[in-house]
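A.B. asks: Sequence:
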Amino acid sequence: MATDDKTIAVYDEKVDAYSAAFSAAEADPSLSRFIKHLSAGATVLDLGCGPGSHAAALHANGFEVTATDASSAMVKQTSSHAGIAVLQAEFSELEDLDVFDGIWANFSLLHEPRSNMADHLSRIFKALKPGGIFHIGMKTGSGEGRDHLGRFYTYYSSSELHRFLTDAGFQVIGEVAGEGAGLAGTVDPWVEILSRSSKQA
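For the sequence shown, our numbering assigns the number 21 to the initial residue and increments by one for each residue that follows.
Source of the hints: derived by calculation from the structure; they are not laboratory data. Idealized CB from N, CA, C, for every residue including glycine. Incorrect hints may appear among the rest.
30 Å max Cα-Cα, derived DSSO-like pairs, lysine-lysine [said to hold, decoys possible]:
id	residue 1	residue 2
1	K159	K34
2	K159	K96
3	K159	K56
4	K34	K96
5	K26	K149
6	K159	K219
7	K96	K149
8	K146	K159
9	K149	K34
10	K219	K146
11	K96	K146
12	K56	K96
13	K149	K159
14	K146	K56
15	K159	K26
16	K219	K56
17	K26	K96
Taking CB as the label site, the calculated pair distances span [to be verified]:
id	residue 1	residue 2	range
18	V192	D118	33 to 39 Å
19	E195	N81	28 to 34 Å
20	A138	G165	16 to 22 Å
21	A201	A102	39 to 45 Å
22	S218	E84	32 to 38 Å
23	Q220	K26	39 to 45 Å
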C-alpha cells in the first residue's frame, strides 16, 4: 500500500494550521534526548518531516539534515528553512545504506498500515550507520482507522512497538509516554521510543 492519499490531502490542505500548531520544536524534550545521543556534525534524517520545525532545530544544532515527506505542501514549507536537503518521498522509497547517524520519525509512521511496519523498520535499520539512533513517536491504542479529518492511523501498544523494534535489530534505550492534542483537536495517548541499531561496524 502506498502512502494514503486522503491523509496526504489533509496535510496539503492544512499545512499552515499544522505549522502554526507545531512550530516550537526547539522546546521538545524528546528532541533534546535524541540530540544527546548524536555526535557533533552527525547526519540525520527527518522521516516524515511535516513543516520542518524539527529538521530546522536539528540543523540549528549543527547536524547535517535530510528531510522527507509525502506531502508536497509540507516539503515546500520545509524548504523555507535554510540548510536542509528536502525530498518529497514515501517511507517505502527509503533505500539508503549506512548513511545516517540518526533517524527521527516523529508521529509519521502512524499513518502507515501495520502490515508495512516491519518493512519500514528494516529500511530504517539499513539506512542507519552501525550504532545509529532511531526515534519513533506513535499514538497508542489498538486497531486502525481514520480520524474526523480523514487521516488514516494505526495504533500500537508500547509492548508491540518494542517487539517490532527488537525484531528489526534495534535495542530500546529510552521511552516516554503522555497524551496531547494534535491537529484534529482530540486528546490522545502517545509513546515515544528511542532505540539504537545493533548493527556492527
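A.B. asks: Compare the structure with the hints numbered earlier in the document and write down the numbers of the violated ones, lowest to highest.
C.D. replies: 5, 9, 18, 19, 21 and 22
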